[in-house]
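Trainee: Residue numbers (our numbering), protein chains in the order written: chain A, 577 to 994; chain B, 577 to 994; chain C, 57 to 414; chain D, 57 to 414.
No lab work stands behind these hints: they were computed from the structure. One should not assume that every hint holds.
What the hints assert, rightly or not - Below, in silico cross-link-like pairs of lysine-lysine (DSBU-like), each with a Cα-Cα straight-line distance of 35 angstroms or less:
(1) K598/B with K134/C
(2) K895/A with K75/D
(3) K393/D with K291/D
(4) K707/B with K134/C
(5) K89/C with K595/B
(6) K707/A with K134/D
(7) K895/A with K74/D
(8) K649/A with K707/A
(9) K154/C with K74/C
(10) K649/B with K598/B
(11) K359/D with K264/D
(12) K707/A with K578/A
(13) K291/C with K393/C
(14) K89/C with K74/C
(15) K895/A with K866/A
(16) K895/B with K381/D
(17) K602/B with K707/B
(18) K74/C with K866/B
(19) K895/B with K393/D
(20) K264/D with K707/A
(21) K866/B with K154/C
(22) K89/D with K154/D
(23) K595/A with K154/D
(24) K393/C with K359/C
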Amino acid sequence: MKLPLLDQLEEGPWPSFVKDLKEQAKRRPQVGQLLQQLEQSYENRWDYWRGTAINVPGYGGGIIARYSDLGEKFPQVAQFHTIRVIESPGFVYSTEALRQLCDISEDYGAGIMQLHGMTGDILMLGFDNEKMMQASEALMENGWDLGGSGNGMRTIPCCIGPARCEMACYDTLRLTKYLTDKYIGYLHRPEFPYKYKFKLSGCGNDCANSMSRSDMPVIGTWRDDIQVDQEAVARFVEEMEPEWVVRNVTSRCPTRCIHLHGDRIEIDNSNCVRCMHCINVMHLALAPGKDRGVTMLIGGKRTVRSGEMISSVLVPFQKLESDEDYLAFCAIVERIWDFWGEHGNEHERVGEFIDRVGLGTFLDGVGIEPDPQMVANPRSNPYIKFEEYAAPRLEGEPQKGANVLEHEPDRREDYEGS
Amino acid sequence: MKLPLLDQLEEGPWPSFVKDLKEQAKRRPQVGQLLQQLEQSYENRWDYWRGTAINVPGYGGGIIARYSDLGEKFPQVAQFHTIRVIESPGFVYSTEALRQLCDISEDYGAGIMQLHGMTGDILMLGFDNEKMMQASEALMENGWDLGGSGNGMRTIPCCIGPARCEMACYDTLRLTKYLTDKYIGYLHRPEFPYKYKFKLSGCGNDCANSMSRSDMPVIGTWRDDIQVDQEAVARFVEEMEPEWVVRNVTSRCPTRCIHLHGDRIEIDNSNCVRCMHCINVMHLALAPGKDRGVTMLIGGKRTVRSGEMISSVLVPFQKLESDEDYLAFCAIVERIWDFWGEHGNEHERVGEFIDRVGLGTFLDGVGIEPDPQMVANPRSNPYIKFEEYAAPRLEGEPQKGANVLEHEPDRREDYEGS
Amino acid sequence: MDAKKPLAPRDNGAPDYKKYLHPAMERNYGRWKYHRDLRPGVFVHESESGESLYTVRAGSPRMLSAPLLRRVCDIADKYCQGRLRFTSRNNIEFQPEKEEDIQPLMDEISRVLGFPVGGSGHSFHNIIHTQGWLHCNLPGTDAAGIVKALLDMFYEEFTHENFPQRVKVSTSCCTINCGGQTDIAINLQHHHPPVIDHGMVSRCELPKVISICPVLAIRPDRVEGHDTVEVIEEKCMYCGACHAQCPALEIRDGQTDTLSIWVGGKSASTRGGPSFMKLATWGLPNNPPRWPEVGDAVRRILKAYQAGANPYERVGEWIERVGWKNFFAETGFEFTKYHIDSYRWARTTFNTSAHVRL
Amino acid sequence: MDAKKPLAPRDNGAPDYKKYLHPAMERNYGRWKYHRDLRPGVFVHESESGESLYTVRAGSPRMLSAPLLRRVCDIADKYCQGRLRFTSRNNIEFQPEKEEDIQPLMDEISRVLGFPVGGSGHSFHNIIHTQGWLHCNLPGTDAAGIVKALLDMFYEEFTHENFPQRVKVSTSCCTINCGGQTDIAINLQHHHPPVIDHGMVSRCELPKVISICPVLAIRPDRVEGHDTVEVIEEKCMYCGACHAQCPALEIRDGQTDTLSIWVGGKSASTRGGPSFMKLATWGLPNNPPRWPEVGDAVRRILKAYQAGANPYERVGEWIERVGWKNFFAETGFEFTKYHIDSYRWARTTFNTSAHVRL
Ligand code: SRM
Ligand code: SRM
Ligand code: SRM
Ligand code: SRM
Ligand code: SF4
Ligand code: SF4
Ligand code: SF4
Ligand code: SF4
Ligand code: SF4
Ligand code: SF4
Ligand code: SF4
Ligand code: SF4
């Protein structure tokens with residue numbers, strides 16, 4: 577097969593998808609036609625796919641249907657759909673499981689997969705309308721399930737967390753499976769205003785890259801003190817020199833709450849924002865605290881309409897150990913889905929919804945108390961839409977509360993205003 | 577005179593305006609009625625003034641007319657106008673000049689003044705329609721002039737600058753007088769979309785409080801290196817201790833470009849943002865560079881409609897020494913007034929105008945080159961409204977410029993797109 | 057002079073400040089080398105020429121009767137070669153010729169004027185303020201009165217330099233906010249949309265009234281055959297812009313208007329640069345003549361600031377470092393949903409990180 | 057299996073990962089104490105139990121044919137007890153039982169798969185990307201191809217850890233940007249409003265098309281008696297949202313679409329926290345199959361970053377410290393008016409201070 581442009585991508589040290597696909601073209605001719613269509617795209621800087629909705633019965637998503645505009649020229653890719661398959665939490669697999677995927681993929685489709693899609697799914701490419709159904713059936717028969725698309729919850733990815741990371745502040749894999757299973761109906765039969773993505777990271781390093789890619793990042797954190805092994809600190813300081821430690825660790829603390837005194841580290845934990853930096857650099861000596869849980873954030877997404885949005889803090893701390901903790905977590909999620917579900921516009925992500933109604937109103941709607949941790953800073957404009965007539969406290973009256981809302985003002989006899 | 581509420585403001589160590597006004601009420605009875613009306617405001621938490629436009633012939637502003645709603649009860653304040661008088665640059669006066677103001681103020685009005693109004697004017701209070709004219713005449717006869725109001729330029733305040741401050745990077749007093757005199761027509765006969773305020777500070781300390789209170793702050797700066805007197809540094813370091821210097825001076829540098837090495841200060845001037853902090857604290861040892869000029873900023877204002885706006889950098893550096901420099905400065909100002917004047921909406925401050933049309937368009941309109949110093953950071957959303965069809969450079973074509981705009985793309989034979 | 061005589065524009069421009077400069081200022085114009093603080097409100101500037109210029113800063117209530125201003129002039133004549141200046145915050149600066157004159161000058165300022173000396177360096181500076189019920193047509197509260205009450209309360213803080221940095225305060229008497237962005241500001245807050253006097257509306261230019269509203273809450277209406285406007289209450293956020301444009305849209309309400317306190321404004325480009333002030337607390341009663349609740353709230357902020365800030369940290373810089381959570385904890389102010397921005401740039405004020413203080 | 061047989065929802069949910077955990081992971085789940093980097097792409101995690109778990113990270117092109125994936129499995133069977141994992145950036149992590157296995161494993165990865173080992177720590181990490189011309193219906197460019205070209209170019213950087221910090225790169229193939237916010241991103245840019253195919257528009261839900269436009273540039277229209285829409289060109293900012301909603305609004309243009317490069321995105325809450333990426337340069341030609349101009353621009357950024365950044369500074373942190381002026385000077389990119397934000401929060405990106413580098 578001669579592909580003047582794509583062939584140039586066979587060269588070079590990085591593994592070449594062109595080479596791999598060319599190999600596979602020998603086994604599955606549709607892959608050859610896929611490459612030929614791609615070559616034409618390269619030539620013309622133009623795309624030749626059309627998409628429409630196509631669903632497995634009982635499911636509202638999970639299949640990305642593709643029809644080729646060049647179907648006459650390349651009949652084998654006239655239908656070339658992708659099945660999104662929910663990945664194993666933490667992306668851990670047995671070779672047995674992967675071989676099963678290989679087989680299903682080749683039995684019904686083009687035998688090519690992407691591990692993994694940006695949202696976290698296993699993407700299995702190259703099915704026609706009929707084989708797509710068969711492949712889905714085969715997947716489901718073997719315990720796999722279809723991923724999300726459309727106006728519903730999405731497949732949840734998480735970092736490797738406690739399975740292999742010393743920073744993990746909660747069980748990211750467990751929560752991934754728990755949420756996926758519990759809310760599988762919201763994933764398969766979409767009924768939200770729009771998509772809803774969770775991404776779970778075990779700590780602020782956010783190895784799941786959740787902050788701007790998910791509507792609800794869940795980030796591990798702790799509420800007691802950073803664990804300090806002062807002997808290990810001393811060894812580290814000796815090895816690296818104090819100046820290096822100051823320059824690269826303590827002076828990089830965003831709140832300057834960590835200090836090196838001689839060869840000891842001292843931390844004002846009340847001002848630590850759990851940014852992870854000191855722990856990352858001195859991970860032999862420092863570790864997250866022991867009283868662990870998660871910070872729940874909300875509203876991130878990428879470009880469409882909004883420009884770009886990074887999620888912001890919704891629940892500063894939520895324990896996530898007991899079953900009750902899990903239920904408390906879910907209660908929050910469900911109140912959000914209820915409120916956004918009822919009042920959100922079509923195609924309105926939850927972050928856009930918050931922008932429209934205001935975070936204060938949103939908190940009211942979902943029943944979460946406002947917390948200064950939710951903001952970088954309070955408002956700078958005075959455009960407050962009070963719902964209460966704030967009742968001034970006058971001298972002699974009970975002095976209660978900092979913001980005065982309790983009672984109506986007294987009416988002075990000779991009041992002449994308004 | 578018994579004023580149960582106001583009388584309580586006669587007590588306490590801070591000089592009491594009530595006491596002073598009560599004294600003056602003995603000489604000017606309208607001041608007594610002013611206090612009585614104020615007492616009623618205190619009682620009822622209500623205001624009793626109405627305003628309308630009233631002008632001195634040939635002037636479109638400068639008088640703030642006030643009519644009392646309680647004119648029947650307090651006839652002597654039925655008309656109680658304020659004349660805004662342009663202050664002396666730097667707020668410097670001879671006693672002779674001030675005594676003259678005292679006389680005019682008492683001859684025609686209530687004999688009370690505010691030194692100075694928030695914009696910078698001398699506010700002379702308490703004239704009726706007729707005396708207001710006479711007082712204005714008397715002021716003008718004696719070389720004073722009326723201040724601004726309405727849709728025009730405003731009286732310009734400046735910091736004391738070179739008259740008494742070692743930080744001054746340009747002659748704030750001279751520029752104040754120069755601009756006021758040159759543009760006095762724009763001040764007296766308003767014809768802008770809305771008000772335009774300059775405020776001039778000799779350095780980044782901004783003692784004229786210009787950044788959010790003026791449409792065009794002019795802030796002194798320099799473009800060579802900070803002057804360092806290392807001997808004075810050594811004395812300072814000895815006196816204060818190195819740790820103190822690091823903690824309070826060098827580590828507070830916003831770009832961390834200043835360092836203490838032993839008892840010497842070293843500065844990476846290429847990264848110094850002229851924030852003034854190190855110079856302020858170590859003013860016996862450090863001083864602004866010698867090649868001085870100004871940064872021109874634009875768009876600040878306070879609350880109405882916008883919320884709050886702080887000015888942003890428009891011209892990072894402009895010399896301000898020779899007559900040509902002054903003319904170059906004015907050319908920029910005039911181009912702004914032309915463009916905003918032509919396209920600005922009624923009641924639209926220049927900052928609001930920029931928000932509406934976009935800073936990029938504004939720069940085009942006023943003929944200023946975009947500069948990264950104008951932004952805290954480039955855009956994060958991809959919503960660029962290109963005016964050019966950007967022409968891709970293709971292999972073999974001349975490789976010119978970083979952003980490629982020069983020529984149309986070649987049309988490939990088999991092009992099928994769009 | 058004949059009042060009937062038509063006036064012609066004179067366009068005098070700004071006074072010739074050169075005539076008014078203190079002789080030492082004139083001689084050393086642009087040649088100052090550094091200054092030293094001698095005591096609160098008193099400092100000396102040294103020139104390249106070797107000359108020294110002493111300054112004594114007296115706190116002024118801004119409003120001065122002619123007789124009082126003449127007494128100020130008497131003192132300047134006696135000690136300062138007939139020159140004096142005002143500061144950008146309404147203080148009066150006297151510049152005695154000799155160091156020995158400082159004490160007698162200060163005594164006279166105190167005795168004759170009753171003015172304090174101070175308000176410099178790391179003190180509580182003079183409060184800048186607006187017109188209030190004394191002269192403006194828009195205020196919902198007074199200005200000079202609150203300022204007097206506060207400065208009585210913080211007199212010690214004005215005459216001493218005991219803060220980590222200077223503390224600048226302003227007040228404004230309506231939502232137009234002629235007062236400045238400062239470390240602490242006291243502003244007025246409305247709690248409901250404007251009430252329209254349909255009889256009076258006709259006096260206003262309706263298109264201007266409609267276009268002034270930042271949230272397009274005002275639309276044309278007809279009442280009893282007359283053109284007027286209506287306010288869509290759901291949209292209105294009580295900003296008062298319409299009231300400034302047209303008095304018939306009465307936004308003020310002596311019953312329900314309250315005062316709010318804002319913190320962390322800064323104009324200087326020092327260190328992190330200028331910053332907006334942010335809402336600290338709201339719902340304080342508009343309580344003349346001494347507004348004790350406002351004073352109390354300001355005191356809480358100052359106490360927490362004094363205890364918590366590092367040297368040279370302005371109020372806003374201190375809060376940014378310790379975090380708003382701690383600010384609210386230490387002042388005892390409640391953080392409410394109203395503290396969360398809901399206007400144009402709201403999202404940019406959210407905590408878009410996993411940074412939490414627990 | 058009969059394709060006609062109606063499928064019923066199985067709702068299986070997520071696979072039971074516990075079955076798939078490497079035995080050492082299972083034994084030491086939640087008990088990891090720390091890790092050590094052994095060489096680029098190779099590290100070891102130590103457990104409280106004293107056990108060690110080695111990881112060898114191989115760079116993967118993400119797209120894998122079944123035969124290739126089976127070869128991957130063969131290696132995992134041989135060295136890793138039949139277990140393996142993928143990373144959040146599509147790399148493959150092999151976990152050999154013994155330290156001695158590392159070298160043979162690496163050899164086999166190289167020989168059998170042709171995959172490099174690396175992409176960890178302070179290296180150029182694997183590039184996350186999207187579908188491109190290979191599978192999506194919206195792309196204006198390819199994804200896997202650009203990524204292959206870039207990773208060929210930065211292969212050394214992938215297999216070594218020579219940067220001040222990790223460098224994360226992403227690409228996206230249309231303005232929807234399924235790619236992530238990263239240190240460096242390559243995105244598509246349009247240069248004119250969508251061209252409407254009025255015949256095809258009827259297939260779309262017009263109210264949805266109209267409401268998707270963020271600047272309300274689309275309004276209903278009638279052409280030759282049929283309902284359609286028109287685009288107000290003055291308002292349109294070429295965002296492409298409408299095209300994703302309705303293919304009849306064709307925003308792509310093979311002639312004029314260009315690529316732009318964005319820098320400084322970050323998701324980690326480390327130090328200053330997450331940040332948006334910002335426009336570095338635009339107008340790069342969409343030049344398959346190797347997009348040399350894009351590679352060149354990325355190289356310029358990396359060079360300047362490597363030379364200028366302090367240890368642990370991500371790309372965005374370095375730029376913030378040295379300033380955008382220096383970034384543009386050092387990369388040679390031109391700063392244009394298009395770099396200045398003009399969208400909703402534009403003002404919040406302005407330099408509202410007198411801070412200038414001169
Ligand atoms: C007299 C005055 C200028 C004038 O033309 O009137 C002035 C004079 C000086 N200022 Fe100022 N500043 C004056 C208003 C301001 C203002 C504006 C304001 O108050 O509204 C600011 C900006 C406030 C803001 O950011 O909101 C201001 C911010 C500064 C700073 C920066 C402080 C900081 O680090 O943020 C300095 C630097 C310093 O203190 O070392 C400074 C320093 C100084 C110095 C030390 C400059 C010098 O070397 O002579 C002067 C004596 C200051 C003192 O009070 O001890 N001055 N200074 C103003 C006195 C006002 C008053 O009576 O209280
Ligand atoms: C007198 C003064 C307050 C004071 O006591 O010092 C003042 C008083 C008034 N201001 Fe102001 N403003 C005064 C400085 C300011 C400042 C501060 C400054 O200039 O540094 C601001 C904020 C900065 C700014 O320009 O944004 C200010 C922002 C306003 C605004 C809002 C403008 C806006 O676009 O946001 C208005 C209302 C308007 O223009 O529609 C306004 C309107 C008014 C009016 C004319 C009310 C009106 O529309 O009828 C007030 C007349 C009061 C009176 O009875 O004299 N005044 N006004 C200040 C002028 C004295 C002087 O000439 O020296
Ligand atoms: C394997 C993986 C998690 C997973 O579940 O797949 C992972 C694993 C580790 N990450 Fe990560 N990170 C992984 C993606 C990420 C991501 C997300 C991404 O790349 O899209 C991020 C956030 C990126 C961002 O901010 O845009 C990420 C930000 C970090 C950081 C914070 C770096 C910083 O200071 O900004 C650390 C801390 C450190 O390096 O000390 C970290 C640290 C680590 C450690 C050292 C944690 C540990 O103790 O085990 C792991 C080895 C890292 C290494 O590469 O040397 N990991 N890490 C991901 C590998 C991706 C890859 O193949 O390249
Ligand atoms: C396959 C995938 C790219 C990839 O190659 O990995 C992808 C592909 C598509 N995305 Fe995406 N998105 C993919 C992850 C993302 C991400 C990243 C993420 O999830 O972490 C984002 C940005 C984060 C976010 O959600 O904002 C993303 C934001 C979008 C959007 C914009 C949504 C928005 O509100 O801004 C759309 C368009 C829409 O929904 O209207 C979209 C739409 C699409 C569609 C369905 C195009 C369409 O509307 O027809 C693409 C199908 C391509 C195909 O042929 O398979 N895709 N999309 C990713 C899903 C794989 C998986 O299931 O694992
Ligand atoms: S996010 Fe934290 S817990 Fe998860 S893999 Fe990264 S460093 Fe480990
Ligand atoms: S985790 Fe971050 S905020 Fe906390 S002490 Fe360490 S560096 Fe500081
Ligand atoms: S702004 Fe600068 S030059 Fe002007 S008085 Fe203040 S410190 Fe001096
Ligand atoms: S003036 Fe400011 S930015 Fe410049 S060196 Fe001094 S502290 Fe740093
Ligand atoms: S703040 Fe309002 S009430 Fe006070 S002077 Fe200004 S315009 Fe008048
Ligand atoms: S108060 Fe403000 S928001 Fe309400 S109608 Fe008036 S201008 Fe509009
Ligand atoms: S970025 Fe656009 S073209 Fe690429 S996969 Fe996502 S939706 Fe499709
Ligand atoms: S490209 Fe964007 S701005 Fe233009 S019409 Fe389409 S949706 Fe609207």
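Trainee: So, for every hint listed, does it hold in this structure?
Mentor: For each hint, the structure was consulted:
no., hint, in the structure
1, K598/B with K134/C, "holds (27 angstroms)"
2, K895/A with K75/D, "holds (26 angstroms)"
3, K393/D with K291/D, "holds (18 angstroms)"
4, K707/B with K134/C, "holds (33 angstroms)"
5, K89/C with K595/B, "violated (41 angstroms)"
6, K707/A with K134/D, "holds (33 angstroms)"
7, K895/A with K74/D, "holds (23 angstroms)"
8, K649/A with K707/A, "holds (21 angstroms)"
9, K154/C with K74/C, "holds (22 angstroms)"
10, K649/B with K598/B, "holds (19 angstroms)"
11, K359/D with K264/D, "violated (45 angstroms)"
12, K707/A with K578/A, "holds (29 angstroms)"
13, K291/C with K393/C, "holds (18 angstroms)"
14, K89/C with K74/C, "holds (21 angstroms)"
15, K895/A with K866/A, "holds (12 angstroms)"
16, K895/B with K381/D, "holds (20 angstroms)"
17, K602/B with K707/B, "holds (20 angstroms)"
18, K74/C with K866/B, "holds (24 angstroms)"
19, K895/B with K393/D, "holds (24 angstroms)"
20, K264/D with K707/A, "holds (32 angstroms)"
21, K866/B with K154/C, "holds (31 angstroms)"
22, K89/D with K154/D, "holds (19 angstroms)"
23, K595/A with K154/D, "holds (33 angstroms)"
24, K393/C with K359/C, "holds (25 angstroms)"
Hint compliance for this structure: hints 5, 11 are not met, and every other hint is.
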